[in-house]
Amino acid sequence: MPELGNLALAIALILAVYSIVANIYGARRNAPDFVVSARHAIWSMCAMVTIAVVVLWVALLRSDFSLEYVATYSSTTLPTAYKITALWAGQQGSLMLWTWLLAIFTSVAAFQNRRRNPDTAPYALAVLAGVAIFFLLMLNFVTRPFDLLATIPAEGSDLNPLLQNYWMAIHPPSLYIGYVSASVPFAFGAAALITGKLDDGWIRSTRRWAIFSWFFLTLGNLFGARWAYEVLGWGGYWAWDPVENAAFMPWLVMTAYLHSVMIQERKDMLKIWNLSLIGLAFELTLFGTFITRSGVISSVHSFTQSGLGPYFLSFLAAVTLAYTALLIYRSKQLRSPAEFESYLSREAAFLFNNLILVGITFAVFWGTVFPVLSEAVRGVKITVGPPFFNRVIAPLALGLVFLTGIGPLIAWRRTTTDNLVRSFAAPVAIGVVTGIIAAAAGLRQWYVLTALSLAAFVMGTVLVEFRRGMNARRHMLAEPPAKALVNLVAKNNRRYGGYVIHVGVVVAFIGIVGSSFFRTEVKKSVHAGDSFTIGSYTLRFLGLSEVDTPHLASATARVEVLSADGREITVMSPAKLFFIRAQQPATEVAIRSTPLSDLYVVLAGIDDSGQTATFEVFLTPLVFWLWAGGLLMVLGTVIVMWPNVRERAAIATVLSRSSTAARELNDVAAPGGD
Amino acid sequence: MRSQFAFAPSLRFAFIVVALFVLVSPELKNVSRETFAKETPTNAEVSEGLTCQCGCGLTVANCNMPTCGFSVPLRAEMDGMIRKGMSRAQIIAFYRHKYGEKVLSSPTTEGFNLLAWTMPFIALVLGGGLMVLVVGRWRSNSPSAPSGSKPAVEPSSFDPELRRRLENELKERR
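The listed protein sequences derive, respectively, from chains A and B.
The numbering of the first sequence is the working numbering, which starts it at 81 and goes up by one.
The numbering of the second sequence is the working numbering, which starts it at 551 and goes up by one.
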């Protein structure tokens, strides 16, 4: 079986190289049969990588410890679900997952473009195959997933206990899907630069890919935060760790890109900027992998460090140089007669939104690499941790939330003072009233007051927008309110889905502010039967129960939670785990989540008699809303991506000329179709 | 009549916001009072300023390894210092002297480290300046906003000095 995996990866590499040659030759020499052949090579490459992935999965499920990868990342006692997720637990497996996703997305892009974008698609597919070649070279020659051990061990080393969690089963794939799908718009942007087809065709062709990538980056970041919240046991969800930052930066840049492409679509401006943003987003995905793999910056998330850093750095440098050179080469053609009438316009709001998003990205990047810079310049190791990021990012986040409210209500081109007052009077009033109420409720921190006011302001702007649209439908079409709302969203899904995403962002922001500013913590050692309090809760330690299995030993505490009036609310069960194969302890926290606050209980220690336990308890207000906001962002993205007949018709019109040509091209090359 | 009508949903929304705050505020109020009532630092406040050296990458406050050889004894030692009346700054200075700069959870605000704090904002100001410059050029291209005509909305927040400099620069470029 391992031979089959190696063979599949080797053939995949050859096919990827062939697809580049055939795509470029076919496009340059106007030889459609080569383009079709290249497409078939891409699909075959995808099949080969799929075979390699299946071989590794089968080896993991069968506990085939002759494979070094299987022996290192699994054991016979590892639950089946985690044997499957062990595919991305180690370096070789996670690179193979990356390559597999890339092969799938390249195949889908090849299928989507078999009859359209005949000028640019071959180059875009060649770029994607180029990226695949880098990863396949790594898998074939540098970090091989099917290497065999000289002596087969009787038992594997087991999966890292921190990875034995269901969030870890879905967090890396989500993040990888987000990372890898960003390659598609990047490749089409690069193809536009190569071919000189610099209109917004590449943006329209890859809009759904960009949203798809943003969607999964959002999910990946949220799942990662939830994993940290449940597994690391410190009561928080985001520590500005380098690997977290590496996942956050492409999300920020993709967010900026999704806003700025609207200006290009509407006003044919910002061509250089949009191409730069998509290039930056892709480069940051490579940078993220470099950070995780190289070990140059220590991280709690770097489960696999290796000597891959220089390879990734070289590839990142090559991609950046080549893409920048293309941008400079086409810079004259990319300049358009841009018109800008007023700072009081939606395009101005989007520009400032981009400035802040890219500014935050730079701040995160700067804080992430500054320790390396400090060591290189001064020879002194320093740490850039959460206090730095919180102080630098916090004011920028306020600006971003403010612009989230401004953008939707302000008109394109220019807004008169009357319009401005009419649109913003109500949202501003809501924001001010909220601030006053919050101050009257005893809140004194200026940041919290400003954040709550701005959040309410944004909610107000979204509400005004929905109401305007519904009123228009009710007056013109005499629709009842519920029907008007449904039709409004259904017929303008991009716009109103976007507003739902904005609400999600603001709700998550409220959760972040509440949980960051008002968390309380108690650490107590108590005997069985004793109680202690945190906030309005009383916690009584009832006792311990121990369970041993071949895979892990666990000690679970039963903690009764009582309200202020002595009523039992629930019984929580935090546990300490000891993974036998890995010889590692781990914590299983117990969380009682409500919209007002989360009660988070960690069993921090047990004495030898088993009668005294130490608990670390956190009471974190509003953290529930972080996850609720995330769900709203997901809902909004689903609405945005929902197929829209009008949008399809518009794309069909734009692509009509090229599609006719493409059909002719395909008819010549493959009369029977693909 | 139309503009009055536009306020109605906002008022309803404001009502919901008020209701939410009535629900949430007692809890936040209690917590914020607790936070501000402290005269001496808590262990968490001090240990948030220090980075655990066990390799977890978290702050001493957040390292949750029960057997951590760094954060566990440090937190215990810190309790003693707090009881003796030492301030947060004094305790952090003590550990900086003992372990070096790497133990701090954020860069100092002196020397080369000042770059860490200032560079993001310098980049933002430079980026903003560049954006204003480019937008200024676009505005001069706009047929509906000729330089001599009064715009529909005067950008009163636009710094006159910046505007003068911008116009000079644009003149030079022409």
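Honestly, I wouldn't trust all of these hints.
To be clear about the criterion: a stretch of chain A counts as covered by chain B if any three or more of its residues have a C-beta under 8 Å from a C-beta of chain B, and this derived list gives those stretches [claimed, not checked]: (1) 108-120; (2) 190-203; (3) 316-326; (4) 450-462; (5) 467-475.
In silico lysine-lysine, PhoX-like type, Cα no more than 25 Å apart, as pairs [as the list claims (entries may be wrong)]: (6) A/571 / B/648; (7) B/652 / A/461; (8) B/648 / A/604; (9) B/634 / B/648; (10) A/412 / A/277; (11) A/347 / A/604; (12) A/461 / A/571; (13) B/634 / A/461; (14) A/347 / A/412.
Hints are computed from structural coordinates only; laboratory data are not their basis.
Predicted model, so just to flag it, every value in this text is computed and none were measured.
Don't be surprised by glycine CBs; every beta carbon is placed ideally from N, CA and C.
### Task
Mind checking the alpha carbons of residue 347 of chain A and residue 604 of chain A for me, to see if they're no more than 25 Å apart?
With Cα atoms ~62 Å apart, residue 347 of chain A and residue 604 of chain A exceed 25 Å; violated.
### Task
Assess, step by step, whether the Cα of residue 461 of chain A is no farther than 25 Å from the Cα of residue 571 of chain A, and give holds or violated.
Not satisfied, since the Cα-Cα distance of roughly 56 Å exceeds 25 Å.
### Query
Has the region 316-326 of chain A got at least three residues whose CB is nearer than 8 Å to a CB belonging to chain B?
holds (count 4)
### Query
Is the Cα-Cα distance between residue 652 of chain B and residue 461 of chain A 25 Å or less?
holds, 5 Å
### Task
Decide if the proposed pair is consistent with the structure: residue 634 of chain B and residue 461 of chain A, CA atoms, cutoff 25 Å inclusive.
violated, 31 Å
### Query
With a cut-off of 8 Å between beta carbons, are at least three residues of the region 190-203 of chain A near chain B?
violated (count 0)
### Task
Would you check the hint for residue 648 of chain B and residue 604 of chain A, treating anything up to 25 Å between C-alpha atoms as holding?
Violated, because 29 Å separates the two Cα atoms, which is more than 25 Å.
### Query
Hey, residue 347 of chain A versus residue 412 of chain A, does the alpha-carbon distance stay inside 25 Å?
Between residue 347 of chain A and residue 412 of chain A the Cα gap is close to 18 Å, so the pair holds against 25 Å.
### Query
CA of residue 634 of chain B to CA of residue 648 of chain B, is that 25 Å or under?
holds, 19 Å
### Pair hint residue 412 of chain A and residue 277 of chain A, alpha-carbon separation not exceeding 25 Å
holds, 13 Å
### Task
Mind checking the alpha carbons of residue 571 of chain A and residue 648 of chain B for me, to see if they're no more than 25 Å apart?
Given that 25 Å is the threshold and the Cα spacing comes to 65 Å, the pair is violated.
### Message
Is the listed coverage of the region 108-120 of chain A by chain B valid when you require three or more residues with a beta carbon under 8 Å from a beta carbon of that chain?
### Response
violated (count 0)
Checked against the numbered hints above, the structure violates hints 1, 2, 6, 8, 11, 12, 13; every other hint is satisfied.
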